[in-house]
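2 protein chains.
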Amino acid sequence: MAVYTEVTAEELYVLLERYEIGGLRAFKGIAEGVENSNFFLGTDRGQFILTLYEKRVSPKDLPFFLGLMEHLAQNGVNCPTPVHDSEGRVLQTLAERPAAIITFLPGYALRKPQPAHCHALGAMLAALHQSGLTFSLKRENALSVAGWTKLFAKIDGMADKLSPGMTANIAQQLDKLSREWPADLPSGVIHADLFPDNVFFLGDKVSGVIDFYFACNDVLAYDLAVCLNAWCFEQDHSFNVTKARALFHGYNSVRKLEREEVLALPLLARGSALRFLLTRLYDWFNTPDTAFVKRKDPMEYWRKLTFHQDVHSPGAYGL
Amino acid sequence: MAVYTEVTAEELYVLLERYEIGGLRAFKGIAEGVENSNFFLGTDRGQFILTLYEKRVSPKDLPFFLGLMEHLAQNGVNCPTPVHDSEGRVLQTLAERPAAIITFLPGYALRKPQPAHCHALGAMLAALHQSGLTFSLKRENALSVAGWTKLFAKIDGMADKLSPGMTANIAQQLDKLSREWPADLPSGVIHADLFPDNVFFLGDKVSGVIDFYFACNDVLAYDLAVCLNAWCFEQDHSFNVTKARALFHGYNSVRKLEREEVLALPLLARGSALRFLLTRLYDWFNTPDTAFVKRKDPMEYWRKLTFHQDVHSPGAYGL
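Chains as they are written, first to last, in this note's numbering: chain A, 30 to 348; chain B, 30 to 348.
Keep in mind the hints are simulated off the structure, nothing from the lab. Some hints here could point you the wrong way.
Because identical chains share one entry, a pair is satisfied inside a single copy or across any pair of copies.
[Unchecked claim] Here are the simulated EDC-like cross-link-like pairs (lysine to aspartate or glutamate), alpha carbons at most 16 Å apart as the crow flies: (1) 89 with 116; (2) 84 with 189; (3) 183 with 90; (4) 141 with 39; (5) 285 with 125; (6) 84 with 114; (7) 234 with 209; (8) 167 with 247; (9) 205 with 125; (10) 141 with 40.
Required output: the full structure, derived from the provided sequences and hints.
Laid out in structure tokens, this is it:
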């Protein structure tokens, strides 16, 4: 959500010479995306986004991410498409970082999505899952159960500084999730980070999905569990069952959830809450005080995890 | 250089109803401007900037700043113009802050301006000074000698933590500048913060000047001294006399500097270096470590101040 790397006009001129998108007209850093530097790029021929991939994105994953965006866009999902240079390449180097020019999507992220938006989100997510089935590249989810266990080991008891007893509770949850995590649910490409920041709307319609830099192959219903946590709780931490119901109805209107997927949702929701709790805890204790970024509150996801621990059937989610 | 305040789509819809600039199409936080929150705003009818004024800008100064931008734009200076709502107002309230929609300027800020850019900058600055002469509102420069003295008192010896002896040197400079500061040079509206971040170019031509939130009435040549410090030193801290000469030639090509203004430049350059040294020192010691903003290095301006202390005639600047 910031600009980490400065780009000079000279560097841009050289980059734009490779493309057939016209001369430079405007260039501004924008507060968008997770941990990459993003710029609004205006040329004679239109508007684009320039992304510089910072250290948390592994260069070896970029063909997967960029290829996926192109595949999904070609299959009707409104997501940014990498622009090809005159030699057909999408991946460049700028300011010593991997970089890509992608298309600019209309719309804007919502701070307070309503049930109608959750319905549209669900329908878009199902379409994304269906379109992803024909994408040929694969990427493992580095932030699934095995990844959580590694991350938890790195935090090493520090969670109790935020809330006494949190470490023991996480250990218990992690143990339970490791044993029960579903292996045989329908799988495919998932977005894995579908927070309201990453979905643009025009009115009630989804106009775009961005930030595919956690996308991977995993259980499809896990993506819904991420959305349940990110879209269906209010700022006062209360769960909004109307939004959850709208999310699931939207999803089902495009791809009908199987009975096993529905039954697994309480477990998947706990897993998703734990995933974001752990990464936020890690960042909380490992982001230097002088850093340029706002740390996200781990306690929000601690509360969500606690909420799902009391859920024993998908009925609690309005299903 | 950040987004401090979140704006919801709902708040934007309500705001845009007051205007005749079409429906919302895009909205993104941008990394631009000093200590305000700025957003890229796309509508059916074009591109705009939405600015929310954060606590460092006094609401009572906003009619001066917004009126000045409108006056200058009407008089041929490429600067953002406040957009009037259907009742003729430019100042709004959004997210509990004063806010304004201003026009979007083409162009981009340069990280490494060349002599040709310094020439264009000088010519633009002279045109800005001339156009400003017919602007009727006045605003005192809160960051001139009296302001520096107050700021220095607040820093209270802490500068020695950065470089032993700095406090005594600043005290001596401040004393000398207070006694010698020119009172009778040509005065008018100055920008007072004309760093490369605040000037947009298309090729070698200035396409826009932004961020008028330090603008005030003061000695015109002081603005040139600010530019001398901000544009004519290299990243290795060396002074580039070619750039300085280009800056002055550009200025003289539109408004000829008087002999007294030229002679005062070494003093004005010391004053300008001291002004930015003091505000950077203040921010260095008063910005919490957890803050969202990058602190600017005071030592850069300490070196510039030291440089100008050895300058005894404007010849050193290529004049």
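Hint by hint, here is what the structure shows:
{"no.": "1", "hint": "89 with 116", "in the structure": "neither (21 Å within a copy, 55 Å between copies)"}
{"no.": "2", "hint": "84 with 189", "in the structure": "neither (29 Å within a copy, 36 Å between copies)"}
{"no.": "3", "hint": "183 with 90", "in the structure": "neither (23 Å within a copy, 51 Å between copies)"}
{"no.": "4", "hint": "141 with 39", "in the structure": "between (40 Å within a copy, 8 Å between copies)"}
{"no.": "5", "hint": "285 with 125", "in the structure": "neither (45 Å within a copy, 44 Å between copies)"}
{"no.": "6", "hint": "84 with 114", "in the structure": "neither (24 Å within a copy, 44 Å between copies)"}
{"no.": "7", "hint": "234 with 209", "in the structure": "neither (37 Å within a copy, 65 Å between copies)"}
{"no.": "8", "hint": "167 with 247", "in the structure": "within (10 Å within a copy, 63 Å between copies)"}
{"no.": "9", "hint": "205 with 125", "in the structure": "neither (44 Å within a copy, 46 Å between copies)"}
{"no.": "10", "hint": "141 with 40", "in the structure": "between (38 Å within a copy, 11 Å between copies)"}
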